[in-house]
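Novice: Please model the entire structure based on the sequences and the hints provided.
Per the working numbering, the sequence shown runs over residues 96 to 369.
Hints should not be assumed to be uniformly reliable.
[Unchecked claim] Restraint ranges, calculated between C-beta atoms of paired labels, are given here:
{"no.": "1", "residue 1": "Asn-219", "residue 2": "Glu-177", "range": "29 to 37 Å"}
{"no.": "2", "residue 1": "Thr-214", "residue 2": "Gly-365", "range": "35 to 43 Å"}
{"no.": "3", "residue 1": "Ala-131", "residue 2": "Ser-181", "range": "38 to 46 Å"}
{"no.": "4", "residue 1": "Thr-346", "residue 2": "Asp-232", "range": "19 to 27 Å"}
{"no.": "5", "residue 1": "Asp-197", "residue 2": "Gly-365", "range": "16 to 24 Å"}
{"no.": "6", "residue 1": "Ser-181", "residue 2": "Gly-116", "range": "17 to 25 Å"}
{"no.": "7", "residue 1": "Pro-114", "residue 2": "Gly-270", "range": "47 to 55 Å"}
Just so you know, these hints were derived from the structure itself, not from any lab.
Nothing here was measured: the structure is a model prediction, and the numbers come from that model.
Even for Gly, the Cβ is constructed at its ideal location relative to N, Cα and C.
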Amino acid sequence: MTAAPLVQGSFADVTAVQPAGDGGWRASLDPRWTIAGRPNGGYLLAIIGRAAVAASERPHTLSASVQYLRPPAPGPVQLRTEVLRSGRSATHVRAQLSQDGDACVESLLVTGRLDEPGTPSGWNAPDAPAPPAPSRDAVRVASVTPDGTRAPIMDEVTIDLDHGTAGFATGAPSGRGEIAGRITLPGDDPFDDCGLLYAVDALPPAAFTVATTGWVPTISMNIYVRALPTPGPVHVRCSSAVIDGGRVDETCWIHDSSGRLVAQGSQLAGIRYP
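Specialist: This is the structure in structure tokens:
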């Protein structure tokens with residue numbers, strides 16, 4: 096396996112796929128989009144989303160259900176897509192990301208067309224979470240974790256955590272199982288549908304606010320993309336309800352700069368406390 100070339104440019108550049116014929120695609124995992132040498136799960140899903148959109152000839156990803164089988168290394172990967180059904184407004188696509196013949200990520204996606212930024216939103220539950228106003232007390236996530244782990248991805252994106260959820264970074268976790276903050280893409284690029292697929296898995300695990308732990312690998316994840324965001328950073332809030340049996344759940348809400356809910360996600364991850 097050859098080393099991954101460094102891709103200079105936008106989020107669209109580092110998640111780009113190239114056709115390889117007969118439902119196949121090629122991509123390169125950038126080593127800068129990693130944590131402890133492993134590509135971020137949302138980054139992998141964004142690449143899969145690009146392939147699914149291209150294969151379906153629809154403009155946007157509407158939903159994704161994904162299973163993480165094994166972490167690939169930075170470098171070339173192969174993708175295989177299969178259109179399962181194409182209707183009037185939605186197409187179902189099966190996609191697999193593999194490396195050196197080993198399946199790494201399996202996903203089922205639905206593609207279609209999303210509302211454009213600024214389109215009036217529909218009904219929201221009265222108690223639906225809403226983002227707070229930006230604060231000067233936000234805490235920027237560093238590219239080295241409190242335990243010394245390198246996270247080069249944090250030199251590519253900017254994540255500013257809401258002050259009340261960032262205590263784990265200084266050894267004072269809140270104990271609430273909730274983390275929140277704003278994400279800005281490289282060059283302040285606008286988020287598209289595949290950017291939202293990344294954002295659902297972008298923040299440090301909410302479990303960090305309960306107790307210090309090591310790597311929290313995603314096992315499975317489900318995402319709904321609701322609308323294209325207005326320009327600017329997105330606000331992400333994630334919460335965990337149960338940590339038990341070596342696993343933790345996490346539910347995520349993403350709002351754009353206008354306050355509209357543009358994506359939701361839930362995942363199951365592994366966890367091991369010292």
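Novice: Hint numbers the structure violates, sorted upward?
Specialist: Violated hints: none at all, because every hint is consistent with the structure.
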